[in-house]
Amino acid sequence: MHPATTRPPTGGLRAGRATRSRRGRFVPYVFIGPAGLLFLAFSLVPIVIAVLLSLRDSSTSIGDGEWIGGGNFVSMGSDPLIVTALRNTLVFTIGTVPTSMAIGLALAVALNRPLPGRGVFRALFFVPMVAAGVVVGVVMSWIFNGDYGVVNNLLEALGLGRSPWLTAPGWAMATLVIVVVWTRIGFCMVIYLGALQSVPAELKEAAAIDGASRWARFRTITWPLLRPTTSILTILNVVFSLQAFDVIYVMTGGGPGFSTTVLIQYVFRSAFIDARMGYAAALGLVLVAILLVFTLLRQRADRKAEEVL
Amino acid sequence: MAVLETRGRSATPRARRRHRPRRWLLVAVLTALAVVMVFPLYWMVVSALTPGGQSQSGSFYLFPAEPSFDNYAQVFSTQPVWRWLGNSALITSLGTALSVVVSLMAGYALAKFRFLGRGLLYAAFLVTIMIPIQVTIVPSFLVVAKMGLVDSPWAVILPTLFDVVGIFIARQFMLGVPDALMEAARLDGAGEFQTFFRVVLPSCGPLVGVLVILGFMTRWNDFLWPLVVLQGNENLTVPVALSTLTNNPAFSSPWGAVMAIATVTVLPLLVVFLAFQRQFVQGIASTGIK
Chain A
1 MHPATTRPPT GGLRAGRATR SRRGRFVPYV FIGPAGLLFL AFSLVPIVIA
51 VLLSLRDSST SIGDGEWIGG GNFVSMGSDP LIVTALRNTL VFTIGTVPTS
101 MAIGLALAVA LNRPLPGRGV FRALFFVPMV AAGVVVGVVM SWIFNGDYGV
151 VNNLLEALGL GRSPWLTAPG WAMATLVIVV VWTRIGFCMV IYLGALQSVP
201 AELKEAAAID GASRWARFRT ITWPLLRPTT SILTILNVVF SLQAFDVIYV
251 MTGGGPGFST TVLIQYVFRS AFIDARMGYA AALGLVLVAI LLVFTLLRQR
301 ADRKAEEVL
Chain B
1 MAVLETRGRS ATPRARRRHR PRRWLLVAVL TALAVVMVFP LYWMVVSALT
51 PGGQSQSGSF YLFPAEPSFD NYAQVFSTQP VWRWLGNSAL ITSLGTALSV
101 VVSLMAGYAL AKFRFLGRGL LYAAFLVTIM IPIQVTIVPS FLVVAKMGLV
151 DSPWAVILPT LFDVVGIFIA RQFMLGVPDA LMEAARLDGA GEFQTFFRVV
201 LPSCGPLVGV LVILGFMTRW NDFLWPLVVL QGNENLTVPV ALSTLTNNPA
251 FSSPWGAVMA IATVTVLPLL VVFLAFQRQF VQGIASTGIK
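Keeping their order, the protein sequence lines are chains A and B.
For the first sequence, position 88 matches number 88 in this note's numbering, and the numbering has no gaps at all.
For the second sequence, position 27 matches number 27 in this note's numbering, and the numbering has no gaps at all.
If you're looking for bench data, these hints aren't it; they were derived computationally from the structure.
Certain hints may be false.
As the list claims (entries may be wrong) - DEER-style ranges, computed between Cβ atoms:
{"no.": "1", "chain 1": "B", "residue 1": "V35", "chain 2": "A", "residue 2": "P80", "range": "37 to 45 Å"}
{"no.": "2", "chain 1": "A", "residue 1": "W67", "chain 2": "B", "residue 2": "F39", "range": "53 to 61 Å"}
{"no.": "3", "chain 1": "A", "residue 1": "I178", "chain 2": "B", "residue 2": "P178", "range": "43 to 51 Å"}
{"no.": "4", "chain 1": "A", "residue 1": "P164", "chain 2": "B", "residue 2": "L270", "range": "26 to 34 Å"}
{"no.": "5", "chain 1": "A", "residue 1": "R87", "chain 2": "B", "residue 2": "F39", "range": "25 to 33 Å"}
{"no.": "6", "chain 1": "A", "residue 1": "P116", "chain 2": "B", "residue 2": "S57", "range": "33 to 41 Å"}
{"no.": "7", "chain 1": "A", "residue 1": "L52", "chain 2": "B", "residue 2": "Y42", "range": "45 to 53 Å"}
{"no.": "8", "chain 1": "A", "residue 1": "P80", "chain 2": "B", "residue 2": "A32", "range": "24 to 32 Å"}
{"no.": "9", "chain 1": "A", "residue 1": "A206", "chain 2": "B", "residue 2": "P178", "range": "35 to 43 Å"}
{"no.": "10", "chain 1": "A", "residue 1": "A301", "chain 2": "B", "residue 2": "R118", "range": "30 to 38 Å"}
{"no.": "11", "chain 1": "B", "residue 1": "S57", "chain 2": "A", "residue 2": "L52", "range": "53 to 61 Å"}
As the list claims (entries may be wrong) - Listed below are several chain B residues computed to face chain A (Cβ distance under 8 Å; list not exhaustive):
{"no.": "12", "residue": "L30"}
{"no.": "13", "residue": "P40"}
{"no.": "14", "residue": "T265"}
To be verified - To spell it out: a stretch of chain B is covered by chain A in this simulated footprint if at least three of its residues, at any positions, have a beta carbon under 8 Å from a beta carbon of chain A; those stretches are:
{"no.": "15", "segment": "107 to 117"}
{"no.": "16", "segment": "124 to 136"}
Using N, Cα and C, we set each Cβ at its ideal position, and we do this for glycine too.
Required output: the full structure, derived from the provided sequences and hints.
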């Protein structure tokens, strides 16, 4: 373990240095080694297997199933569920990402100035981040439960009647969006707060002296300076939304019907319920393609916006 | 980036007085929103303490009429809850410890050494951030199954040890560690590992804190991967077990039992959060500053 202890007593500075540089070449590999091996075994190999698997008609393991080339990708074309899954993913992403970012930004701006109890507010808005997705899922299922849930009990007490929060197709998706926004607000707020603190105060003060209204100052100074943060947050939130599994799995399991089956839910279903591992791998690769295209487009849009500025 | 700590710029006293009514309106709005944000967690605790009769009713209430620990007693006596907690604790602590060491070492190599393939390796690492779990979940399961690890804690621990975000954060931090520090240690005759563990690491306190908290949170809350590789009821982690409880026929009022386990799941992280709020927020924030 400790090279220092195995080193022979050196006869001088020069000799010591020579040994070190010869041995030194191996040192970085020793430090990077564990990460490299784990990367190989649990990232690189699975990705290669995913590609191979997507070309096979496999049910359970890599060895079985026939080589069907692009067959899995072809059968996606005639799978009505993939259209449903893609549409649900899109609705879910569009419903969650801008909403949580807008609320997070509003809270960050509100809490970036002196206010009584500011620290407490920040902590309270952040707390939902700490709860596991599964906990959020079961607690929200209970809160939005049709017969005994507190939301419906309250609505009925107010004379507004009960709503099928999780049991009617359109409602279930809306409820999931609300729940996921609830978990995401604190994260967006924290990231925006960090960015707001690097907006120079002098700029805003100068604009205020020039008579710019609070809104004008936000729109012309703060918002453009937040652009990189907004860009990163958009990408992160889209990735989160595409990977959102826990809450959906627990609250609706993709139902009622397939009304909340998003892409990751469908991959899980194909692989571990329908036992179509090959098809699931192909679906996963399609998702990566979507993510890559989205990130590239987003980055190009940002670059264009910077050129305009 | 001490998000929770920094103070906003104070306005002049006159401006502050002028804005006072609006400021209190803002505080009122924020308070209302805070109530909405915290309510689900409050309701989780209330429901866990509400005996079956009241919770399974259609009438509105905000407090349990007769709070009791019946739900806890019932679920702890019929389910291997301590086993679940033990599994989660083992997987979380061992996984976090090993993963933090791996990340620190890799970050050190990437930040402080020049070696063949460094750029390529680092780029390859970063690309995996883009690869969603959907793609690797099926093949990773096959790899773990080939190793004969299904249903063992190692099936959960091993594949999550490689943590790109952790390596990234570690590298960024290590770039700021002065080379002179390492040189001095080497001139004093310290070996490479001594230099790393005795000299470099002690100057990385905040980094280790962030990595530990992040690792602890993601592992404790992890769901999809343990769901896939764990099968026997007594081998489950708490979140996976929690997800199975809603349709467990063992309970007269499943919701009370479910909420009891939900509180048990959240409690450790809530304690960590309250104790290390600043590091927690910093950790979360640093994942966003890619």
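I'd like to know which numbered hints this structure contradicts. Please list them from smallest to largest. Violated: hint 8 alone.
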